[in-house]
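J.: The listed protein sequences correspond, in order, to chains X and U.
The numbering used here applies: residue 1 is where the first sequence begins, and numbers increase by one.
The numbering used here applies: residue 293 is where the second sequence begins, and numbers increase by one.
Honestly, the hints are just simulated from the structure, not real lab data.
By construction, the Cβ of each residue, glycine as well, lies at the ideal position given by its N, Cα and C atoms.
Treat the hints with care, since some could be wrong.
As the list claims (entries may be wrong) - Sample of chain U residues with no beta-carbon within 10 Å of chain X, all distances over it, derived: (1) 299; (2) 305; (3) 313; (4) 315; (5) 328; (6) 347; (7) 371; (8) 396; (9) 407; (10) 443.
Stated by the list, open to error - Estimated spans, in silico, between C-beta atoms of each pair: (11) X/29 with U/366: 40 to 50 Å; (12) X/54 with U/433: 27 to 37 Å; (13) U/443 with X/211: 41 to 51 Å; (14) X/167 with U/305: 22 to 32 Å.
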Amino acid sequence: MEGPHAPRAVPGFELVAPASVEEAIAALRAADDGGATAIAGGTDLLLDLDDGRLAPRRVVSLRRLPWRTLDWLDGALTVGATLPLRSLEDDREVRRRLPGLWQAVHAVGSVALRHRATLGGNLGRSAPASDLIPMLLALDAEVDLVGPRGERRVPVDDFVRASRRTALLPGELIRSVRVPEPRPSAYLWQRVRPANDISQIAVAVAFSPGRRHWSIAVAGMPPRPALLPDVARDLGDGAPSDAALTAAAARASRAVPITGDQRASEEYRRRLVGTLLTRAVRAVPFEGGRPL
Amino acid sequence: MTETVAHLTVDGAPADLAGMPDDERLLDTLRWRLGRKGTKEGCRTGDCGACTVLVDGRSTLACLTLTREVDGSDVTTIDGAARDAELSRVTRAFAEAGALQCGYCTPGFVVALAGLLKERGRAAPLEELLDGLQGNLCRCTGYAAIVRGVALAREEAP
């Protein structure tokens, strides 16, 4: 076999596919000191393996674990860590009850990529350009983890630390992601090339009908997507007035810790934050002060 | 090394994967190990869609898939178009519409569209099919003819 990418004689890593959660945790632990990493869909991980940013001795596949699940229970959505994003996108209830989450999932890569990419992988890799993290923040989602010392539940806001950094402990795995309630919501982004680029800015907005408050998250700034609680308070406890929305957009534009890079200048990004926030809030359907 | 040999069916035939390293990509398995070069390598970063194949009927980027991760699957590539009704239909429609210039992106487009038609059926709105092809890039920018090819494939009787 010849060619630029003809298979090498010596593998760069060993791949193991444990049949149980316990074995998966043990396989990760047995090669610790950064020597092991988990793979779900692999659509992001393989890029880092390809150009050497990551060089684990062992890759632990989650493909045999029973985590390709999607469950609604008492209004809460639980998505198994290894469910392909395409299956999440295809769920009619997700589109109806969490429209912003549907839009965020749809914004990830292409159909072929979403057939393999997963919610667990997206969170575990904590990419700065993740379309899903800002929406999960605005939905007050939580991550269910399982590891050598048992299970724990962590808010997404605490789980995502920075670009490529999470609260995962050695040997720990993301089992599922929980969205506590259906929320009228929207996710809007701006890209240089819509089909195959990451967003210059993305804005996730959601309204909690029970608690009557807004959540706003912005992505496209360092060190990670973040909630803007002060901006959310500007919007009040229902459909905001034009004045309230203008004030919120102006505050968001000022407040975000944005920098310029090759995708957009700082000034352009600040304007985008205000514009996308205004459009996203307007896209959340209300009637007579109540969410539809 | 993983001890077990991976099993794959490629275009209807069992593939010989003895001695395959753990880190091999499906794209390399198809092109270099099995000699099926209809599946193209474009960007190798998941951006261009040239390497799209069907894994158990679902469009998949072969460049971002470890072969062992799809152990036990049925893989269909452009080289197997003749034995797959949907792939044959899309191939004919693209030929009729002249939906190619240099042709390098064509296998990816054909397989991705066949996958969408298998998923959504031909009743799917044209806009949804075109939206579903956003991950396929044509560097010749021959998109107008490709759009006609997609419309033809959708309309053609089964």
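J.: All the hints need checking, so say for each whether the structure fits it.
T.: Here is how each hint holds up against the structure:
Once the 10 Å rule is applied to beta carbons, residue 299 of chain U is consistent with being away from chain X; the minimum gap is 13 Å. Consistency note on residue 305 of chain U: stated as away from chain X, and its beta-carbon is indeed over 10 Å from all of that chain's, at 19 Å minimum. Not every C-beta of chain X lies more than 10 Å from that of residue 313 of chain U, the closest at about 4 Å, which undercuts listing it as non-interface. Distance check on residue 315 of chain U: its Cβ comes as close as 5 Å (rounded) to a Cβ of chain X, failing to clear the 10 Å threshold; non-interface status is violated.
Listed as outside the interface, residue 328 of chain U is consistent with that label: its C-beta sits roughly 13 Å from the nearest C-beta of chain X, beyond the 10 Å cut-off. Consistency note on residue 347 of chain U: stated as away from chain X, yet its beta-carbon is not over 10 Å from all of that chain's, at 8 Å minimum. With a least CB separation of 17 Å from chain X, residue 371 of chain U remains clear of the 10 Å interface cut-off, as annotated. Against the 10 Å criterion, residue 396 of chain U stays outside the reach of chain X, whose nearest CB is about 16 Å from its own CB.
Its beta-carbon lying about 7 Å from the closest one in chain X, residue 407 of chain U breaks the requirement of being farther than 10 Å from that chain. Distance check on residue 443 of chain U: its Cβ is at least 18 Å (rounded) from any Cβ of chain X, clearing the 10 Å threshold; non-interface status holds. At roughly 35 Å, the beta-carbon separation of residue 29 of chain X and residue 366 of chain U lies outside the given 40 to 50 Å, and the hint is violated. Hint check: residue 54 of chain X to residue 433 of chain U, Cβ distance near 35 Å, so the stated range 27 to 37 Å holds.
One distance hint, 41 to 51 Å for the beta-carbon pair residue 443 of chain U and residue 211 of chain X, holds here, with the actual separation near 47 Å. A hinted range of 22 to 32 Å is violated for the C-beta pair residue 167 of chain X and residue 305 of chain U, which are about 47 Å apart.
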